[in-house]
Amino acid sequence: MSVLISSRLRPRSGQDWPGHRLLVREPLHLDCGVDLGPFTIAYQTYGELNPDRSNAILVCHALTGDQYVAEPHPITGKPGWWETMVGPGLVLDTDRFFIICANVLGGCMGTTGPQDINPQTGEPWALSFPVITVPDMVRAQKRLLDHLGIDSLFCVTGGSMGGMQVLQWAASYSESVFAAVPIAAAARHSAQNIAFHEVGRQAIMADPDWSGGRYLSLGRRPVRGLAVARMAAHITYLSEAALHRKFGRNLQDRHAVTYGFDADFQVESYLRHQGSTFVDRFDANSYLYITRAMDYFDLAAEHGGSLPNAFKGTRSRFCIISFTSDWLFPTSESRELVHALNAVTANVSFVEIDTDNGHDAFLLHEPELFETLRGFLTGCAEHRGLPR
Amino acid sequence: MAMAEPDRGAALPFGSAEAHPAAAASTPTAGGLRRDLGLIAEMIEPGARVLDIGCGDGALLAHLVRHKNVDGRGMELSQSGVNACVGHGLSVIQGDADRDLEAYPTGAFDVVVLSQTLQATRQPRKLLETLVRIGRRAIVSFPNFGFWRIRLHLLLRGRMPVSHLLAHPWYETPNIHLCTIRDFVAMCDEIGVRVERSVTLDRHGRPYSLDPHGSLANLLAEQGVFVLSENRGKMAATARAAGRRS
Chain A
603 MSVLISSRLR PRSGQDWPGH RLLVREPLHL DCGVDLGPFT IAYQTYGELN PDRSNAILVC
663 HALTGDQYVA EPHPITGKPG WWETMVGPGL VLDTDRFFII CANVLGGCMG TTGPQDINPQ
723 TGEPWALSFP VITVPDMVRA QKRLLDHLGI DSLFCVTGGS MGGMQVLQWA ASYSESVFAA
783 VPIAAAARHS AQNIAFHEVG RQAIMADPDW SGGRYLSLGR RPVRGLAVAR MAAHITYLSE
843 AALHRKFGRN LQDRHAVTYG FDADFQVESY LRHQGSTFVD RFDANSYLYI TRAMDYFDLA
903 AEHGGSLPNA FKGTRSRFCI ISFTSDWLFP TSESRELVHA LNAVTANVSF VEIDTDNGHD
963 AFLLHEPELF ETLRGFLTGC AEHRGLPR
Chain B
26 MAMAEPDRGA ALPFGSAEAH PAAAASTPTA GGLRRDLGLI AEMIEPGARV LDIGCGDGAL
86 LAHLVRHKNV DGRGMELSQS GVNACVGHGL SVIQGDADRD LEAYPTGAFD VVVLSQTLQA
146 TRQPRKLLET LVRIGRRAIV SFPNFGFWRI RLHLLLRGRM PVSHLLAHPW YETPNIHLCT
206 IRDFVAMCDE IGVRVERSVT LDRHGRPYSL DPHGSLANLL AEQGVFVLSE NRGKMAATAR
266 AAGRRS
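Just so you know, the sequences run in chain order A and B.
Remember, my numbering sits 602 above the position in the first sequence when you count from 1.
Remember, my numbering sits 25 above the position in the second sequence when you count from 1.
In case anyone wonders, no lab produced these hints; they're calculated from the structure.
The C-beta atom is built at its ideal place from N, Cα and C for all residues, glycine as well.
One should not assume that every hint holds.
The calculated SDA-like cross-link candidates involving lysine to any residue, where the alpha carbons are at most 20 Å apart (straight line), are [said to hold, decoys possible]:
1. K914(A) with E127(B)
2. K914(A) with S776(A)
3. K93(B) with R986(A)
4. K914(A) with R74(B)
5. K93(B) with G987(A)
6. K93(B) with G72(B)
7. K151(B) with S254(B)
8. K744(A) with L632(A)
9. K151(B) with A945(A)
10. K848(A) with D866(A)
11. K744(A) with Y872(A)
12. K744(A) with D654(A)
13. K914(A) with I201(B)
14. K151(B) with V252(B)
15. K848(A) with D811(A)
16. K848(A) with Y861(A)
17. K848(A) with E870(A)
18. K93(B) with N949(A)
19. K914(A) with T131(B)
20. K93(B) with K914(A)
21. K848(A) with A834(A)
22. K914(A) with D123(B)
23. K914(A) with A128(B)
24. K744(A) with H622(A)
25. K151(B) with D123(B)
26. K93(B) with L632(A)
27. K914(A) with P130(B)
28. K151(B) with R124(B)
29. K914(A) with D96(B)
30. K914(A) with E777(A)
To be clear about the criterion: a stretch of chain A counts as covered by chain B if any three or more of its residues have a C-beta under 8 Å from a C-beta of chain B, and this derived list gives those stretches [to be verified]:
31. 739 to 753
32. 824 to 830
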């Protein structure tokens with residue numbers, strides 16, 4: 603697996619990365635009971651906030667996403683993760699809307715996370731960083747919006763863990779959310795998803811370089827463990843059909859199998875590449891913390907075991923979107939959400955997009971996704987009285 | 026429920042949604058809305074909270090939202106229909122009338138519309154009870170299998186009737202629970218659903234002024250549109266029905 607060992611060390615808490623930083627002085631009371639603060643939120647914005655501050659859209663990123671939605675990633679140089687969706691004339695039209703995306707709490711792209719220095723010890727937090735939840739992430743984002751003077755978001759949207767944050771926003775701050783668009787999401791993390799996350803975490807912890815989480819203080823990085831975690835997770839983002847369509851049983855740069863353990867198959871080579879490039883831009887401890895936050899997510903449990911209770915009295919307009927081949931956050935989970943919203947007679951649209959791109963479909967070119975979301979937002983903008 | 030679309034023809038307001046199999050169901054009115062849908066629209070108060078079940082491409086819903094300022098929601102089985110509706114700014118969910126209505130609380134809507142869909146559901150009787158529970162009123166329209174042309178078709182040709190409201194051959198029809206107007210009225214009676222108003226329509230979608238309980242309506246009407254509500258004296262009705270059965 604020599605291919606996985608990266609000589610490059612990921613720059614720590616890149617002060618030079620582009621974008622805004624907000625230092626929040628008042629501590630945040632976390633679900634785990636700890637008061638965290640002061641802390642930093644790194645965020646990006648696109649477009650202009652209108653004079654009555656009614657055109658703001660908060661984009662929530664997924665597990666390994668970040669605030670660089672529509673611009674090149676500062677480490678990899680690759681296009682922003684939602685450049686197909688966010689930009690002038692696109693569905694999240696930056697000529698019309700003010701788009702905000704913040705790195706989540708516990709993240710590794712500028713917002714306070716386990717790789718940052720604990721001011722009390724002068725050492726990186728590592729595993730002494732408090733465990734973060736999705737509600738904590740959303741509370742932190744609320745602080746950012748308070749700072750920006752935005753009382754009401756026109757829309758909150760995001761896929762996967764981003765969709766979980768959307769649901770949390772709709773449940774916790776319903777009066778601040780005009781429209782909510784959770785994509786490929788669910789109201790709780792399933793046992794199967796927790797299981798996959800556990801495989802990833804164990805891969806990281808099994809890497810000797812992880813060193814009980816203290817790798818940064820020791821000048822090491824558990825790149826092999828993190829790469830394996832990414833490889834396993836990446837399979838869950840695709841579908842059997844997509845893997846077959848892309849790779850089949852095709853061999854990688856050879857005409858016959860080698861009777862060894864090289865990457866004979868294209869799919870192996872692809873996964874190894876995914877693993878090795880991921881470690882350049884992501885922190886292993888952040889991966890532990892953020893996967894944990896997703897595992898803990900259970901919106902019904904927060905509301906006395908009743909999912910409809912989470913949305914009681916909501917006046918937000920919902921658009922729930924799922925993908926036919928997504929087995930990580932299957933349509934059945936979205937349908938459960940729809941039923942809960944129906945139970946409180948919320949205004950809800952629900953669309954299942956036919957695609958073989960699996961869970962990752964929300965990041966890809968899916969014309970029907972764009973069309974649906976554009977129509978939904980146009981309708982919402984009319985209801986809100988947003989100027990064209 | 027994996028089956029074809031019920032024969033709910035609709036004038037396409039957007040031009041992008043797929044055409045329904047019985048798009049020629051009846052002559053459109055001046056507003057572009059099919060006649061029977063126009064009739065349903067007239068029955069709905071402005072500003073009402075409406076759920077249109079089996080909303081197809083959203084023709085009725087779009088009309089109600091635009092012209093009657095209703096708080097309109099839709100449910101549709103076909104994914105393409107739903108996507109077209111949502112893409113045009115309507116609040117529509119992909120769902121199955123047999124499965125996805127239970128979650129709604131009692132009295133969630135002022136009006137629940139089920140147009141040309143009842144005959145394609147698995148449990149029409151249970152559905153009807155749900156409709157009058159979740160809506161203060163339910164408007165239900167369906168093709169009358171007692172229509173004289175259908176009777177004649179079966180009598181003379183000996184083949185399963187195919188008409189412009191029932192456009193599919195027997196082996197691929199989604200319409201699995203067809204009934205006559207008389208059947209429908211009897212069922213309403215049996216389950217204690219009150220018929221507040223009924224209109225029977227001729228072959229061109231024009232209303233007849235015929236008593237739906239009479240045999241003439243059952244013979245001459247091609248479809249019926251019924252306004253229903255939960256019978257307050259449901260117990261009494263149930264008792265009456267039980268008495269009749271014995």
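Check the structure against each numbered hint from earlier and tell me which ones fail, lowest number first. Numbers 11, 13, 15, 16, 20, 22, 26, 31 and 32 - these are the hints that the structure violates, sorted from lowest upward.
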